[in-house]
Amino acid sequence: MSKEAILNKLSDAVVNGKPELAKEGAKEALDAKLNALDAINNGLVKGMSIVGDKYAARQVYLPQVLMSAHTMYAGLDLLLPAIPKSEMASMKKCITAVVEGDVHDIGKNIVKTMLTAGGFDVNDLGKDVPTQTIVDTAKNNKIDVLALSTLMTPTMDGMKAAVDGLVENGYRKSVKVCIGGAPTSPAFAKEIGADHRDANAQDCVAWLKEVF
Amino acid sequence: MAEMSHIERVMAGLTNQKGDRLSTYPIACGVNRKLVNGGVSYQDWAHNAKLFAQAFIEGQKAFDFDFAIGLMDLSVMAGDLGAGVRFDKENTPFVDKYLINNTEDYEKFVVPDITKGRSAVILEGTKLFCDVLKTEVITAGFLEGPLLALSQSAGAERLFMDMFTNPSAVHKALATMTEYDVEMVKGFAKTGCAGLCWDYLWGNYSCLGDAEYDEFEGCKKYAGDLNALTAKEGMAVAIHNCADLPHLDTQITKFAPAIYSMAYYPLIPGSPSAAETIEKGYCDNCLVGGQIDPQLFIRGTVEKITQVTKDLCQEVKTALCKRGLGSRYIIASGCEVPPDVHTKLENIKAVVDTTKAYGKVDW
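Line by line, the protein sequences give chains A and B. Per this note's numbering, the very first residue in the first sequence carries number 1; after that it's consecutive. Per this note's numbering, the very first residue in the second sequence carries number 1; after that it's consecutive.
Simulated from the structure, these hints should not be mistaken for laboratory data. In this text, all values refer to a predicted model and were calculated from it rather than measured experimentally. No residue lacks a Cβ here, since even glycine has one placed at the ideal position from N, Cα and C. It is possible that some hints are incorrect.
What the hints assert, rightly or not - Each computed PhoX-like pair below joins lysine-lysine, with the alpha-carbon atoms no more than 20 Å apart:
{"id": "1", "chain 1": "B", "residue 1": "344", "chain 2": "B", "residue 2": "360"}
{"id": "2", "chain 1": "B", "residue 1": "304", "chain 2": "A", "residue 2": "190"}
{"id": "3", "chain 1": "A", "residue 1": "139", "chain 2": "A", "residue 2": "92"}
{"id": "4", "chain 1": "B", "residue 1": "134", "chain 2": "B", "residue 2": "116"}
{"id": "5", "chain 1": "B", "residue 1": "349", "chain 2": "B", "residue 2": "304"}
{"id": "6", "chain 1": "B", "residue 1": "280", "chain 2": "A", "residue 2": "127"}
Unchecked claim - Pair ranges (Cβ atoms, derived):
{"id": "7", "chain 1": "B", "residue 1": "105", "chain 2": "A", "residue 2": "89", "range": "36 to 44 Å"}
{"id": "8", "chain 1": "A", "residue 1": "190", "chain 2": "B", "residue 2": "18", "range": "38 to 46 Å"}
{"id": "9", "chain 1": "B", "residue 1": "97", "chain 2": "A", "residue 2": "77", "range": "20 to 28 Å"}
{"id": "10", "chain 1": "B", "residue 1": "224", "chain 2": "A", "residue 2": "89", "range": "52 to 60 Å"}
{"id": "11", "chain 1": "A", "residue 1": "59", "chain 2": "B", "residue 2": "179", "range": "28 to 36 Å"}
{"id": "12", "chain 1": "A", "residue 1": "187", "chain 2": "B", "residue 2": "310", "range": "13 to 21 Å"}
Start from the sequences and build out the full structure, keeping to the hints where you can.
This is the structure we're talking about:
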């Protein structure tokens, strides 16, 4: 199979939400000794970008986006280990997390997917994450971006606690902090000392690309 | 115009007549527990029918609302189905352990005994507050729709992917959720509430398109059947949906509720404002409520929320007059007033008092 055919297979697998096809395409890419980063960017990520554009245009909805994300990760699981460490080093490092006390993570997972598709090296800490874990992970792993989410009002203060924790441990100036979730607003981001409030996942990636 | 009673005012809105002023209901539910016995925890409030009811009664005394709607939280059904529900002391309870681990699990749901668990608490609590308030205000029970109850039980992300890959399994579970809701509707009909407010949360273009929403919430089956049953049991159909991009054509035009409660997200393109909602005809046959930002009840000052309420009253009155409608709008919060310890009760009162002062229309 030609390089172009393999890349198209990876992209089509993501667009159509077919994880088995993505795994198959990833194995074919590795067997054909394609550059793994090339296969990711011009195969899987290209497909996810198409899905992201269709989602923004309301041509597809959350079930399809989630299946496409699941498919992209199925391919990434095989391709990421094949990327030379030197190439990974140039990627900006992000952590994503839903703050402590909240388990609503669809929005955060979409952000994680779009950040990955946008070329960021994402470490997802998951949901209901203690503030200290967020703060320590950011500093210890020299993270460039901290993306925090919550869907509930009572847990919004967890975002402030994370920003305050970064100030206390001296790492705040080294990391961009963005927040998202229905109850958040640009005014709240400003109030707690975050750098940006993301209206949605695409907005988050677009802002970070401007910043970096 | 002479001052109307709460019920007369809402009836004027429901029948598109000219009321003495716009009706009002900041959706104050869990927050009212702060008024009971000097403040009770969410866990106690959500497990005790008397405390649950007393909160609405105390809320009415404190704020003089036009409605009382018995929202507890969105994990009542999932919890009684067996999901793990976490109760933090002052946080809204939420599901932290889902019931679906594989496709076969969708077929294992069993309708619980609604005389037990929190289903029983909400039914008994609703009866208790309706007994006291039903001659004063318009009362309603509050119930999760089948798709919401299933998403709370299965986990939304899992459910959405299974809609795509295993729709037949999802439909089997939705049929069980609908049976559960049927039992609850019949239970609410015995409480004396005037209406039943459905939470059809996923009617949101950020989540589902028309085809998916119709398939999994259903104009005919599921929600459609339950709306019809609600009316048959003698209760008005109300719908709450705090989505950023609500399915208004389905949920207002096709479901045809008497009352519709919605939110407004000014930063999201396409999110409908109050004026746009009225201008597009969604209030022609429905009493619509909204759209004060719930965050203002925590983070706003009395002055700020008063100004926001005044502006909303003016926006609504202008749009209603342009459209030739009567009192077809409720000055309300777009979603529940946050049941947070930091919520400012004086801001709730400010919304009601401002509506009393500035919600009058010079018909």
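*Of the hints stated earlier, which fail here?*
Going through the list in order, the structure violates hints 1, 4 and 6 and respects the others.
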